[in-house]
Amino acid sequence: GNSVTQMEGPVTLSEEAFLTINCTYTATGYPSLFWYVQYPGEGLQLLLKATKADDKGSNKGFEATYRKETTSFHLEKGSVQVSDSAVYFCALEIKAAGNKLTFGGGTRVLVKP
Amino acid sequence: EAGVVQSPRYKIIEKKQPVAFWCNPISGHNTLYWYRQNLGQGPELLIRYENEEAVDDSQLPKDRFSAERLKGVDSTLKIQPAELGDSAVYLCASSLERVQYFGPGTRLTVT
Numbered sequence: 125g126n127s128v129t130q131m132e133g134p135v136t137l138s139e140e141a142f143l144t145i146n147c148t149y150t151a152t153g154y155p156s157l158f159w160y161v162q163y164p165g166e167g168l169q170l171l172l173k174a175t176k177a178d179d180k181g182s183n184k185g186f187e188a189t190y191r192k193e194t195t196s197f198h199l200e201k202g203s204v205q206v207s208d209s210a211v212y213f214c215a216l217e218i219k220a221a222g223n224k225l226t227f228g229g230g231t232r233v234l235v236k237p
Numbered sequence: 004e005a006g007v008v009q010s011p012r013y014k015i016i017e018k019k020q021p022v023a024f025w026c027n028p029i030s031g032h033n034t035l036y037w038y039r040q041n042l043g044q045g046p047e048l049l050i051r052y053e054n055e056e057a058v059d060d061s062q063l064p065k066d067r068f069s070a071e072r073l074k075g076v077d078s079t080l081k082i083q084p085a086e087l088g089d090s091a092v093y094l095c096a097s098s099l100e101r102v103q104y105f106g107p108g109t110r111l112t113v114t
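The listed protein sequences correspond, in order, to chains R and Y. Throughout the first sequence, residue numbering follows this note's numbering, covering 125 to 237 in sequence. Throughout the second sequence, residue numbering follows this note's numbering, covering 4 to 114 in sequence.
The following block holds chain R by itself, in its conformation from the complex (with noise of 0.2 Å):
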């Protein structure tokens, strides 16, 4: 079946800090990829996705490329902002099985100043 795995949080930074958040996923076909990002109070948000493999999707600072040969979808900021304090979802989507969205169980980031 589908899956994704992301690293477990709460992941505590400081202001400025490199983020990274790991994310690998297992498949039946070929999958597109997504970072869904949910602020606090507020429902889950399109952040980024990628729908080949070496396709980098980028938003807000953020960036993920999609390596097929890893399996992976890591997520990256390179200088994170208190506002970008939230939980991260890493994501599939297989067209055959109708785009259900596949999630891992979430990444809470914290950024202090």
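Since the hints were made in silico from the structure, they are not lab data. Just so you know, these numbers come straight off a predicted model, no measurement behind them. Be aware that one or more of the hints could be misleading.
[To be verified] Examples of chain R residues lying across from chain Y (beta carbon under 10 Å, computed): (1) V128; (2) M131; (3) Y149; (4) Q162; (5) L168; (6) T175; (7) E187; (8) F213; (9) A215; (10) E217; (11) K219; (12) A220; (13) T226; (14) F227; (15) G228.
In this text, a Cβ means the ideal position worked out from N, Cα and C, and glycines have one as well.
Given the structure of chain R, go ahead and fit chain Y onto it with the hints provided.
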């Protein structure tokens, strides 16, 4: 453009009581999803609609859960009777071109 609207935002009920959640997707989005998100976990799909047709309800506990999307626009998810284990956030999403947009969710607490 308005996002996905859900109501209520919070609901507290006693076990064995019924509860219903409402979702209005983004205008023009034919695909609608209901997810359940347990505390500290990622969302899990309950049901997916294409217009008014439920095309994937394999994860919906049909003994107590039901859903409808009669006119292919807004949707209602119902639980009857609710159990303690149903406490979770219920998320609605709609999609266009394979990107899903989520509502703020309804946080259900069953006591």
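Taking the hints in turn, this is what the structure says about them:
Checking R/V128 against chain Y: minimum C-beta separation of about 8 Å stays under 10 Å; hint holds. For R/M131, the interface hint is violated, the least distance from its beta-carbon to any beta-carbon of chain Y being 13 Å, above 10 Å. For R/Y149, the suggested interface contact is broken, since its CB lies about 12 Å from the closest CB of chain Y, more than 10 Å. Evaluation of the R/Q162 hint against chain Y yields a held restraint, the C-beta minimum of about 9 Å falling below 10 Å.
The interface hint given for R/L168 is met, as the beta carbon of that residue sits about 4 Å from the closest beta carbon of chain Y, less than 10 Å. Restraint check, R/T175 versus chain Y: the minimum CB separation of about 8 Å is within 10 Å; hint holds. With a least beta-carbon distance of about 18 Å to chain Y, the hint placing R/E187 at the interface is violated under the 10 Å criterion. A distance limit of 10 Å between C-beta atoms decides the matter here; for R/F213 the minimum to chain Y is near 5 Å, and the interface restraint holds.
At a threshold of 10 Å, the smallest CB-CB gap from R/A215 to chain Y is about 7 Å, leaving the interface hint in force. Here the hint on R/E217 is kept, as its CB sits about 7 Å from the closest CB of chain Y, short of 10 Å. At about 7 Å, the closest approach between the beta carbon of R/K219 and any beta carbon in chain Y falls short of 10 Å, and the interface hint on this residue holds. At about 12 Å, the closest approach between the beta carbon of R/A220 and any beta carbon in chain Y exceeds 10 Å, and the interface hint on this residue is violated.
Hint on R/T226 holds. Least Cβ distance to chain Y is approximately 8 Å, under the 10 Å limit. Taking 10 Å as the C-beta cut-off, the interface hint given for R/F227 holds, the closest approach to chain Y being about 3 Å. Given the 10 Å rule on beta carbons, the hint for R/G228 holds: about 5 Å separates it from the nearest Cβ of chain Y.
Checked against the numbered hints given earlier, the structure breaks hints 2, 3, 7 and 12 and satisfies all the rest.
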